[in-house]
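A.B. asks: For reference, the chains in residue letters:
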Amino acid sequence: MITRRSLVTATAGAGAALPLGIGLSACGSPRPASVYTADARTFALAAAVENQLTDIYGAMLAALRAQKADPPAPAFTQFLITASAHHAEHAKSWNSLLRAAHKPEITGVPLAGHAALKDQVAGQTTAAALARLAGQLELQAARTHLAALSNLTDTPGISAAAGIAPIEAMHAAVVDCIMGGRPAPDDFLALGGALRVSELLA
Amino acid sequence: MNHGSARTAPPPKTAGSIETMMLQTAASLANAAAHFYAAAFALPFVRTGEGAVAQFLTTAAGHHRAHARSFNAAAARGGGAAQTAADPRYAKVVADAWPSMTSTAAVVSLALTLEDTAVQTFVKFAGLAGDAPTRHLFGSVAPVDAQHRAALLVMQALLQHGANDLIGASSRPVDLPVFVGSVGLPAAIYPAADASAVNEGIVR
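Going down the list, the sequences are from chains U and S.
Using my numbering, the first residue of the first sequence is number 966, and each one after it goes up by one.
Using my numbering, the first residue of the second sequence is number 500, and each one after it goes up by one.
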């Protein structure tokens, strides 16, 4: 039986593979109260995740075009272009929910681990390494939206999470196809690895 | 959230509740896919053809059996009977199409129909489910079936381009054609317009 408590517990233990949160108190002073509370905080996190993917994929495309990551992999380049467009659409969906809740849109990437993730991308020297990272990020996004689906109370928000999570999973599957891996290795999408709302810096 | 659409506490799941009907229909769709994949795996051209296709059918059939077990277990917790039969609508689709299953491409095409229907249905049911555990179950299955569909779309495109040798065998991503990066990703938001009706696969 999956309960709200078990979902929160599973989500709280997430995130071993990617550079994630640095903690709310890491900057040494209390952060002002967020305008994003309850379901709106989940929408804001989801929008930030989508913006992060668009930003990271832009950096990956720049690295590939500058031939900083070899050898060229045209299918992966095409994946980055297609998936980036999807993530931009997803961000619009989440931001429309924020507008409906009379909250400001998320236009940047206010996530605790974003700078470290950008450094990680910059340090990759092969297209294969970038693709592996993209696959991890897509699964992380899918799991974050699954956590949202399970915890939200807002009906349009639930529908958005239900329609977007499978797309992120398809992105991960396509990366696996490109890399020659198994495109659907697990019976169920798990919550482990989902981003937590505590990692939202807004 | 208070823009007029927040949920109230759902009624308990019972044998005749909408949650139980959705779970039984979901199990019937999972059964339809599992039954088709098992039958397709026995076709000679599948067993001796592209190894990745046969491996996919075996893996995906296992996923669908696991999904059906979970749907039925959740239905049982609400007093509902287990659905062990295939969805009647798609059982007929498979039966009608079976004589035309003479190539890997035909198998992949029918598999795509079953996977897409399953995902659309689970996306819709996740939005309808009144309790978080049922919603979570639909939400954790839909992405897996969506991954199946993405992989099948890639296989289908490679078959159409005569690139059978590249199916599932890419240890060199550089060799893959450009379309592999997008053909498995036809939409930004998964639709639900072609979802099965809530009572389509209930135990009768």
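Keep in mind that the hints were calculated from the coordinates and are not lab data.
Keep in mind that a hint or two might mislead.
Stated by the list, open to error - For lysine to aspartate or glutamate, the following DMTMM-like pairs were computed, each having C-alpha atoms within a straight-line distance of at most 25 Å:
id, chain 1, residue 1, chain 2, residue 2
1, U, Lys1033, S, Asp693
2, U, Lys1057, S, Asp693
3, U, Lys1083, U, Glu1054
As the structure is a computational prediction, the values presented were derived from the model and not from experiment.
A.B. asks: A separate judgement is required for each hint: does it hold in the structure or not?
C.D. replies: Each hint, compared with the structure:
no.	hint	result
1	U:Lys1033 to S:Asp693	44 Å, violated
2	U:Lys1057 to S:Asp693	24 Å, holds
3	U:Lys1083 to U:Glu1054	22 Å, holds
Violated hint: 1 only; the structure is consistent with all others.
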